[in-house]
Amino acid sequence: MKPTSHAFSANAHDALQDRDLQRALKLMETGFSAGRRTAVARLPEFDELCEQGRAIKNHVLEHLDFYLERFEGEVVARGGFVHWCATPREACETILSLCRSVRAKTVTKGKSMVAEEIGLNPFLEANGIEPVETDLGEYIIQLADQSPSHIIAPAVHLTTDQISDLFLEHHREHGKTKRLTEPQEMVGEAREILRERYFQADVGITGANFLIAETGTTIIVTNEGNGDLTQMLPRMHIVISSIEKVLPTLEDAWTILRVLARSATGQDISCYTTFSTGPKRAEDLDGPAEFHIVLLDNGRSSMLGSELQDALRCIRCGACMNSCPVYQSVGGHAYGWVYPGPIGAAIDPFFIGLKEAHDLPAASSFCGACESVCPMKIPLPKIMRHWREKAFEEKITPVPQRAGMLIWAWFARRVTFYRLATRVAAGLFGLLGRRRGRFSRLPFAAGWTAGRDLPAPEGSTFHDLWSARARKPPA
Amino acid sequence: MSKPPVAVGLFVTCLVDLFRPSVGFAAVKLLEAAGCDVTVPALQTCCGQPAYNSGDRRSAIGIAAQVLAAFRGFDYVVVPSGSCAGMLKLHYPALFAGDAGQSAAALDLSQRTYELVSFLTDVLGIRTVDARFEGAVTYHDSCSALRELGVMEQPRRLLDSVRGLRRTELPNADVCCGFGGTFCVKYPEISTDMVRKKASDVVGTGADLLLSGDMGCLLNIAGRLEREGAKVAVRHVAEVLADACGSPPIGEPKSSRPA
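Quick mapping for you: the protein sequence lines, in order, are chains A and B. First residue of the first sequence: 1, per the numbering used here; consecutive thereafter. First residue of the second sequence: 1, per the numbering used here; consecutive thereafter.
Among the clues, some could well be false.
[As the list claims (entries may be wrong)] Quick list of in silico lysine-lysine cross-link-like pairs, PhoX-like style, CA-CA up to 20 Å:
| # | chain 1 | residue 1 | chain 2 | residue 2 |
| --- | --- | --- | --- | --- |
| 1 | A | Lys-355 | A | Lys-395 |
| 2 | A | Lys-472 | B | Lys-186 |
| 3 | A | Lys-395 | B | Lys-186 |
| 4 | A | Lys-382 | B | Lys-29 |
| 5 | A | Lys-390 | B | Lys-186 |
| 6 | A | Lys-2 | A | Lys-355 |
| 7 | A | Lys-377 | A | Lys-355 |
[As the list claims (entries may be wrong)] Interface residues of chain B toward chain A, partial, derived using beta-carbon atoms under 8 Å:
| # | residue |
| --- | --- |
| 8 | Asp-17 |
| 9 | Arg-166 |
| 10 | Glu-169 |
| 11 | Gly-180 |
| 12 | Cys-184 |
| 13 | Pro-188 |
It is worth saying that the hints were derived from the structure and are not from the lab. Cβ atoms here follow ideal geometry from the backbone N, Cα and C, with glycine treated the same way.
Could you put together the complete structure from these sequences and hints?
This is the structure we're talking about:
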């Protein structure tokens, strides 16, 4: 996916003008966060589970090589294959050659953000293989030729109305000519069409929420059951996963599963939790003949030991974006790359470069809502601040902002000049604003006054009044 | 014999200094009424947070070092702002973590620093204030006070002791108003959208007066309410608690409506 993060401000501007998007975001604002709160309140040990989950993840990150190798050993022992891929390109090539080995024309896909990260769909299409998204949200945005705007609710930016139009346009070729508006009916129609596609697919590709080192199992959570059909029906199942998803044991996975759905959708547990361990065995009734895991690094191993290591604890629940007022205002596409919201602001600069993505960590009010809801307690604002410091050091921060900051800091470090400057400013603007008490237009603060007034200062600085009081004998 | 008074250094904050000295005097009044001996060190400007949050670590350290020096020796350092108090309390130790000479001083300052209302309640144990305010008020939590310092119940409890005051909860009181320091300057459109939602929640309460503990939030929300022509006045919580509502509300001219 070609990033548009450098145009964040313009993207945000457009997003704020987009009425459909704003309507969709408003619904989301009330849905997810309230659901999470209720689900968390129902589980007294929620915080303790988060703490345990965090400790498990920290332990894994300290011993990542060990658990990955153990995982590989268990997969191979059960007849599966592990493909280590350093780069997105390598991962795409590996998946393509696996698809070609079974002469695949069509592949079904479960939801996978790592597949988005490596740009799998366009790559397969360019090589003559048709990817079919089977997660409803992913299916919708595939019809719309868009990318996900949210890591667990990829089509959250679209309204039901827009989806009705999309279905009408694209389902015509399947003989569906009625414009449906009831979500239940729409889901039914999409399901009917997808059902056919499952049987046509030669390969099923899914992501993984967890990889279990002790058993070589991969786990996905879904609410639609599409993952099961995607991986069970075709002759080959390919799992695409990044390396930090590994956990030592099944029990560890359960600890984290108990906080994942609660943090994500407010469910106690997702409708489906699917465990895949190796290909079909002789005594199994169904399952894929071949089981492959494509393990993507894409630089993650170099995040270990850096300021970004904590971000590798992320379990992709999306709670940070659900709680983020900036995300709620502009939606996920404005961020301009695969991972939106606070987690995107923390990791996108690593993947696509700070020059491209410097706005993402800067566009936060540091309100801390993300960190407070993160079940893995990732210090998201701290990581964003790390990027801001790097941007400032490397002079990526826009010149006016940089210069403004340095001038202001010069004054702030020299009390005498600072007092003089603030005395003049408070006096001048206090006088100018005396009649109305506020300013509706200020040329040097046009951004502020475009959407709100600026209250006028009272006229004298506190420090001046205080020294005057100190000079006066008490009355 | 009475106890020696508690020596408090008041960190005024740059926004109170520049925009609203009344808040500083209200803070002094509250502290003195509680038996504190209040000093305002002359060598203070700003806490350095604008630089720190903009990635200019060097400037932030320079400014913070000034604060460390200016506030040496007080029993407590009190700040009428959650955001600046959070900077002194939580971020200074991080800023000086690698500096053998200063890290102890930063930790020491951190332990002595409190947000104003938290200091009155959590440290001095004050449960009620001697103040009167006739009207309906609502309270917005500043993000730093709430999430960095755990200030939530304290201002509400003290407000409930003000005679005549009727308090309504603000829906989404814990959601950021969109100020965010330099954030509102760098991303004004997003910031405006956030404060638009906040203003709409405030108006929805039907309160006459919005209170909060941070000048940044207050300037932002007051500015938006004024722009919308809303009939809600805005003040710092210290003004009401200190019974010091002599100046016109934030963003209003002198001799305007009383509130």
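Hint-by-hint comparison with the structure:
1. A:Lys-355 with A:Lys-395: 10 Å, holds
2. A:Lys-472 with B:Lys-186: 43 Å, violated
3. A:Lys-395 with B:Lys-186: With Cα atoms ~16 Å apart, Lys-395 of chain A and Lys-186 of chain B stay inside 20 Å; holds.
4. A:Lys-382 with B:Lys-29: 36 Å, violated
5. A:Lys-390 with B:Lys-186: At roughly 18 Å apart (the allowed maximum being 20 Å), Lys-186 of chain B and Lys-390 of chain A satisfy the hint.
6. A:Lys-2 with A:Lys-355: 14 Å, holds
7. A:Lys-377 with A:Lys-355: 27 Å, violated
8. Asp-17: Asp-17 of chain B check passes; min Cβ-Cβ to chain A is 4 Å, inside 8 Å.
9. Arg-166: Cβ of Arg-166 of chain B sits 25 Å from chain A, so the hint is violated.
10. Glu-169: 15 Å, violated
11. Gly-180: 3 Å, holds
12. Cys-184: Holds, about 6 Å.
13. Pro-188: 3 Å, holds
Figure legend: structure checked against the earlier numbered hints; hints not met, in rising order: 2, 4, 7, 9, 10.
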